Amino acid sequence: MRQRVRPIAVGVVAVAAIGAAAAVGVMNGNREPESKGTPASLRLLTEQQYLNTVMYVFGPNVKPTANFAAVPRIDGLLNSGTAVAGITDTQLEIYQKTAGKVAAEIVREESRGYLVPCSPAATNAADPECARTFLSQVGPLLYRRPVPPERLDALIDEANEAAASLKDFYQGLSVAIEGLLLSPSVLLVAEHSEPDPERPGEQRLDAYSLATRLSLFLWNAAPDAQLLKAAESGELHTRRGLERQVDRMLASPRLETGLRALFDDMFAFEQFATLAKDNLIYPIFSGETAVDAREQTLRTVVDHLVTRRKDYRDLFTTRQTFMSPSLAPIYQVPAPGPGWEPFEFPADSPRAGLLTQVSFLALHSHPGRSSATMRGKALREVFLCQDVPKPPPNVDFSAIQNPDPNIKTARERVNFHLQDPGCAGCHRITDPMGLTMEAFDGSGGFRQTENDAPIDTSGNLDGVEFTDAAGLGEALRDNPQLPWCMVRRAFAYGTGTPSAENDRRVLEYLSERFEADGYVLPDLLREIALSRAFSKVYTRRERVIHPLPDLKSAQRPSQLTVATEPASTAPQTLTSR
Amino acid sequence: MKAKKLSRRRMLRGMLGGTAVAVGLPLLDCFLNDNATALADGRPMPVRFGTWFWGLGATNGIFVPQKTGTSYDIPEQLAPVARVREHVNLITNLTAFRDGEPNLCHYSGWVIGRTGAAPKSGGQRPGETIDITIANQIGRTTRFRTLTAAATGDFRNTVSYETPNAPNPPEISPMDFYARLFGADFQDPNSPEFKPNPRLMARRSVLSGVMGEIKSLEKSVSASDRERLDQYFSGLRHLEHQFDQQLTRPEPIAACRAPPKLSSDLPMGGEADMVKVRHRMMTELMVMAVACDQTRVFNMSYSNAQANTTRAGFDKPHHTTTHEEPIDGTLGYQPHCAWFAHRAIEEWAYFVEAFTKIREGDGTLLDNVLIYANTDHGDARIHSLDKMVAFTAGRGGGRVKTGLHVDAEATGVSRVGYTMLRTMGVEVPTWGSKSNMTSSPLSEILV
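From first to last, the protein sequence lines are chains W and U. Here the first sequence is numbered in this note's numbering, starting from 2 and rising by one per residue. Here the second sequence is numbered in this note's numbering, starting from 759 and rising by one per residue.
Pulled out of the complex, with its shape left as it was, chain W reads as follows:
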C-alpha cells in the first residue's frame, strides 16, 4: 500500500468542509488559495472517450471504427480544444455511422443474449417492457446523468414503432440505440452549474457534471454506475464522499486508460497517425515500428508512474522500459518476444529517459532526417510548457547565404541561424539541446557520425551543460519547469480549460503539493480532483463583437460574432475578422 504523508492543514480543510466555516478564507502556505475556479464548458466528447464508454457499457466486442474529426490543440492540449471545436455536417455523418455500428453490434444475434438483459415476448414484434428495461439501464450510463423521463418514454416509443414497422424487436431497439447515441447529452459534455449551498454567491458543478469531469479526467470515459450513484445521493458533494470516489477511481484498472490518454494528449502522440519515414533512408522503420514506439513510451509511463509510483521527473533518466520485436532493430538489441518484455538499458548505453526513446526522436524529425530544431522545440513545448516562437514572419531568407553543399552535420547546418540575429534568438532556445539529440538519427537509431563526420553532442539547457543525451535527460529532470509543466497540463486536462485561463496561485499550490508528495503522479491527480478549484465554476463572460462588413452566407443564423473573454489567451476561440 502506498504511504502518504499529509500536512495537518489538509485535515483542516476536511474539517472546514464538514462545517467549521470559520476556516474559510484563511490563507496559509499549505492551503488551497481562494480562486474563481474554472469555467463550466461545453466540450465535444473525444473519439477515445466515446469508444471507452461504449466498451465499458456494452463490453469489449463493441469497438467500432470511428474517425472523429480533428480538434485544435490549444495551449498544448487537444482536450482543451474540445471546448471550442465546432461541429460540421461531416462530423454528424460520422456520429451517425458510428452509432449505427454500435447498435448493429449490440443486437447482433451472437451478442444480444448477453448485452440485452431481457428477451422479448416475440422477436418479430415490439416489446415495450423489454425495450424499457434495456434503455433505462444503458441510458444514464451514456447520458452520464438520468435520462429525462419524457425523453426515455420517447425513445421507448421509437423502439416500439420501429419494431412494429420492421417486424423485428431487435431492429427496433437498434434504431432507439442510434437515437440515444446521437444525443447531444452523449456526444457533448455540457457542464451544468448550481449555487454552492455552503458558499453563498459561489457556483459549483452539479453532482453529475462533477462526476463526469472526474471520470473523463481519471478514466477518459463516462462515469460508472457507482459514481453516478454517488452523484445522485449527494455523496459526491461531501468532502468524505468525494475522497472515497476519487480514491476508488485511482485504484481502478481504468486509471491506466485515463493516464494513457493524458500522456497521449500531452505528448502530441496523435501525430503518430501520420508518421511515416522514408523507407530508402530508414528501411528498418515500418508502420509497426511507429505503433510500437508510441506504445513503448506509454507502457514506460504507466509502469513508472502507476505501477511503481515513482518520481515523475525520473521518467527522463530511467533506463527501464519495454521492448518489442519491431523496436529491437532500431535499438540494436536482441529481439524479445514474441510480444512485449520489460527491458533495461545498460548503464553505458546512450539511452536513458523518454528523450532517447524512438517515440520522441522519430516524431520530432523529418521523414528522411533528424531535426535538432524540431526536437529542441518539442522538448520545450511538450515537457516545459514553454512557447517557442514561430520563425519570424517577415524574415528575408535571401539574407542567409546560399547554403554550402559541403556541410556535413546538423551543427554546421543550424549554425547559419546563429549568424543572423533575426534567427539566432529562437534557435538559441531550441538548438543547444536539440543538437545533443543528434546522436540519434531521424528514425531514432543511435549514431556517432553524420556523413562520416563525428557528431558533437555537447549542449546546454537553461545554463546546465552536458556532453550527451543522458546528461540532457539529467538536466531536464532537474529543471524546475518540468514538474510545474506537468501540474499545468494535468490541471488543464482535468478541467477541460486551457491553462492560461487557470489561476496561477492554484497551480503554484498544486506544485507545492506535488513536490511534497515526492512527484508521485497519482497523488497529484488526487490533489487536483479534490481541489476546490476543480469543482468550483464560473460562467465565462461573453462580449459581443460587431464584425467588419464581410461576406457571410445568407443562411448564417446570426450576424453577430461572439467571442469569449479573454480572447487573447485562447487563440482558437472565435474572434471577429
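Treat the hints as calculated values from the structure; they're not laboratory data. The reader is advised that the hints may include incorrect statements.
Restricting the straight-line Cα-Cα distance to at most 25 angstroms, the calculated cross-link-like pairs of lysine to aspartate or glutamate (DMTMM-like) are [said to hold, decoys possible]: (1) U:K1115 / U:D1031; (2) U:K1074 / W:E289; (3) U:K953 / W:D169; (4) U:K973 / W:E162; (5) U:K953 / U:D988; (6) W:K98 / U:D1023; (7) U:K1145 / U:D1073; (8) U:K973 / W:E289; (9) W:K102 / U:D1073; (10) W:K168 / U:E951; (11) W:K102 / U:D1165; (12) U:K977 / W:D169; (13) U:K1074 / W:E48; (14) W:K98 / U:E998; (15) W:K98 / U:E1082; (16) W:K98 / W:E48; (17) W:K98 / U:D943; (18) U:K973 / W:D158; (19) W:K409 / U:D1002; (20) U:K1074 / W:D158; (21) W:K64 / W:E233; (22) U:K1074 / W:E382; (23) U:K953 / W:E94; (24) W:K98 / W:E162; (25) W:K409 / U:E1082; (26) U:K1034 / W:E289; (27) W:K98 / U:D946; (28) U:K825 / U:E1104; (29) W:K168 / U:E998; (30) W:K391 / U:D1073.
Derived Cβ-Cβ restraints for the label pairs, each shown as a range [claimed, not checked]: (31) U:I1085 / W:K409: 16 to 26 angstroms; (32) U:L1089 / W:M56: 54 to 64 angstroms; (33) W:A454 / U:E844: 18 to 28 angstroms; (34) W:N452 / U:A942: 35 to 45 angstroms; (35) U:L1204 / W:A454: 52 to 62 angstroms; (36) U:R995 / W:D154: 38 to 48 angstroms; (37) W:P147 / U:R995: 25 to 35 angstroms; (38) W:R448 / U:L1089: 28 to 38 angstroms; (39) W:N68 / U:E844: 37 to 47 angstroms; (40) U:S949 / W:T124: 27 to 37 angstroms.
None of the values given here were measured: they were computed from a predicted structure. C-beta: ideal position from N, C-alpha, C; glycine also.
Got chain W sorted already, so can you dock chain U onto it with the hints?
Structure of chain U alone, referenced to chain W:
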C-alpha cells in the same frame, strides 16, 4: 414544406408506388433535351464549383510564360498544362496584401486567396472559406453540400472552413472516401430497381427527438456555445436530408457510373509517388461524385501549405528544400524544389483532365464545372506574397472563357476569388477586406 412539382422523379415514384420494380430504362442522352444543354425536365445542367490546392507555388523562372492571351508560350515547368491548355486559365503576378499584418509563412497567402482577408496571427483560423460561401448558395439540394479531400494522408490538412472553429475534415483515405460516396448508402441513379429501405424511415424518425434535445440544451449555454449547438442542429438536418434523398427515387444521370469497389488502402506518408497515386485515386472518386450529382462543391488538396511532400531517398522534404537547397548557378533556380513543384503541376493537369473524360450533354463534365486552384506563396524560398500564381479550369456552364494566360499586374489574389463568386451566382458587390477588398473581377476570362 417542399413545393410539389411534377418532375420526372415524382412521375416515376408515382408510377412505381415505391415498390421494387425492374424497369428497362435507357440510360443515355434521352434524358437530356434535344440539344443536350439541359436535363430532360427542363432544368439546366447544374454548374459546379471546385477548388484545388498545392503548397509552395511554382518555380516562376521556368513557369511563367512571356506572352499573355491565348497563344502564350509554355515554359518547362508548365509543360503538363499544355495537355489541358484549352480548358484552363493561368493567372500570374497576383499579390496577397498583408495590410500591416505579419506575413504568416505558408498561411497568409492561401487564407487571403480563399477568404479575401489577411489573418492577424497563426492562431486565427480562416472564417468561412469561398467554397462554403458558394456551397451555401448552390449545394443544398445534393447529398453532400460539399466534399473535401486531401492527398497528403494527413487528416489535419484542410483548406475548407465553415467558421473559424469548424474546419471541414478532409477525406484522406481513398477506401474510406469510396465507402462514404459509393458504399451501402449510395443510390445509383441509373439502377432499374428502387426499393427504399424501411429501416431508413425508422432511422430518420429518431432525429427529430434529438433535435428537441438540442433545443432544450440551448437555453442553458452561453452564446458562443449556442452557435456550436446550432451547428449540431444543422448537422442533424443534413442527416435528415440525406435520409430523404435515400428514400426518394433519384433521377437517372447518364454520366454516373459508380467506380469499382476499393477494398484496400494505401500506406501512410507524403512520399511523392505515393501522394500521386493517392491523389489520382481520390480524383477519380471526386470526379464521379460530381458526375453523379452527389455534390456540387468540392475541394481537393494535392499537398499542404508548407508542403511536406518527400522524394524517396532524398533527406529534405519539399519545404525544407526551399530553404536549404542552393540555387544552381547554371540553371538559376533550386533544382530539387523545381522537381517537387513540377510534380504538383503534373497532378493539377491530371485533375483537370479527369473532368474532361466524363461526357455530359454535348460536351464534358468540365464544361459545367469551374475550378479554382491556388497556393500559399509566390517564391517559397523567401516566403513572398507577390508574384503568386493561380489557375482556373472549366467553363462554368459557358460563363467563363478558357485557354488564357492573364498577367494580373500585381493586383490582388482576391480578384480571382471574386470572379469565382460572381460566376457561381453569389451576387456580392465586393469581396475581401481592406486592400484585399475588390469589386474588380478578371474581366479577361468572363464571357
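We went through each hint and held it up to the structure:
1. U:K1115 / U:D1031: Distance ~23 angstroms between K1115 of chain U and D1031 of chain U Cα, so the pair holds.
2. U:K1074 / W:E289: Given pair K1074 of chain U, E289 of chain W holds - Cα atoms ~23 angstroms apart, limit 25 angstroms.
3. U:K953 / W:D169: Cα-Cα ~19 angstroms, so holds.
4. U:K973 / W:E162: Roughly 24 angstroms separates the two Cα atoms, so the pair holds.
5. U:K953 / U:D988: violated, 33 angstroms
6. W:K98 / U:D1023: holds, 20 angstroms
7. U:K1145 / U:D1073: violated, 29 angstroms
8. U:K973 / W:E289: Between K973 of chain U and E289 of chain W the Cα gap is close to 46 angstroms, so the pair fails against 25 angstroms, i.e. violated.
9. W:K102 / U:D1073: Not satisfied, since the Cα-Cα distance of roughly 42 angstroms exceeds 25 angstroms.
10. W:K168 / U:E951: holds, 23 angstroms
11. W:K102 / U:D1165: Violated, at roughly 53 angstroms.
12. U:K977 / W:D169: Distance ~37 angstroms between K977 of chain U and D169 of chain W Cα, so the pair is violated.
13. U:K1074 / W:E48: Outside the cut-off at roughly 34 angstroms; violated.
14. W:K98 / U:E998: Since the Cα atoms of K98 of chain W and E998 of chain U sit roughly 13 angstroms apart, the hinted pair holds (cutoff 25 angstroms).
15. W:K98 / U:E1082: violated, 46 angstroms
16. W:K98 / W:E48: At roughly 13 angstroms apart (the allowed maximum being 25 angstroms), E48 of chain W and K98 of chain W satisfy the hint.
17. W:K98 / U:D943: Holds, because 11 angstroms separates the two Cα atoms, which is no more than 25 angstroms.
18. U:K973 / W:D158: holds, 20 angstroms
19. W:K409 / U:D1002: Violated, at roughly 63 angstroms.
20. U:K1074 / W:D158: violated, 61 angstroms
21. W:K64 / W:E233: Violated - the C-alpha atoms of E233 of chain W and K64 of chain W are around 29 angstroms apart, more than 25 angstroms.
22. U:K1074 / W:E382: Holds, at roughly 24 angstroms.
23. U:K953 / W:E94: Roughly 22 angstroms between the alpha carbons, so the hint for K953 of chain U and E94 of chain W holds.
24. W:K98 / W:E162: holds, 21 angstroms
25. W:K409 / U:E1082: holds, 13 angstroms
26. U:K1034 / W:E289: Given that 25 angstroms is the threshold and the Cα spacing comes to 24 angstroms, the pair holds.
27. W:K98 / U:D946: holds, 20 angstroms
28. U:K825 / U:E1104: Given pair K825 of chain U, E1104 of chain U holds - Cα atoms ~21 angstroms apart, limit 25 angstroms.
29. W:K168 / U:E998: Holds, because 23 angstroms separates the two Cα atoms, which is no more than 25 angstroms.
30. W:K391 / U:D1073: holds, 23 angstroms
31. U:I1085 / W:K409: 16 to 26 angstroms: holds, 21 angstroms
32. U:L1089 / W:M56: 54 to 64 angstroms: Holds: the Cβ-Cβ distance is about 58 angstroms, inside 54 to 64 angstroms.
33. W:A454 / U:E844: 18 to 28 angstroms: Violated, at about 54 angstroms.
34. W:N452 / U:A942: 35 to 45 angstroms: violated, 54 angstroms
35. U:L1204 / W:A454: 52 to 62 angstroms: Hint holds: Cβ distance 59 angstroms, inside 52 to 62 angstroms.
36. U:R995 / W:D154: 38 to 48 angstroms: Violated - the Cβ-Cβ distance for R995 of chain U and D154 of chain W, about 24 angstroms, lies outside 38 to 48 angstroms.
37. W:P147 / U:R995: 25 to 35 angstroms: holds, 28 angstroms
38. W:R448 / U:L1089: 28 to 38 angstroms: holds, 33 angstroms
39. W:N68 / U:E844: 37 to 47 angstroms: holds, 40 angstroms
40. U:S949 / W:T124: 27 to 37 angstroms: holds, 32 angstroms
Hint compliance for this structure: hints 5, 7, 8, 9, 11, 12, 13, 15, 19, 20, 21, 33, 34 and 36 are broken, all remaining hints hold.
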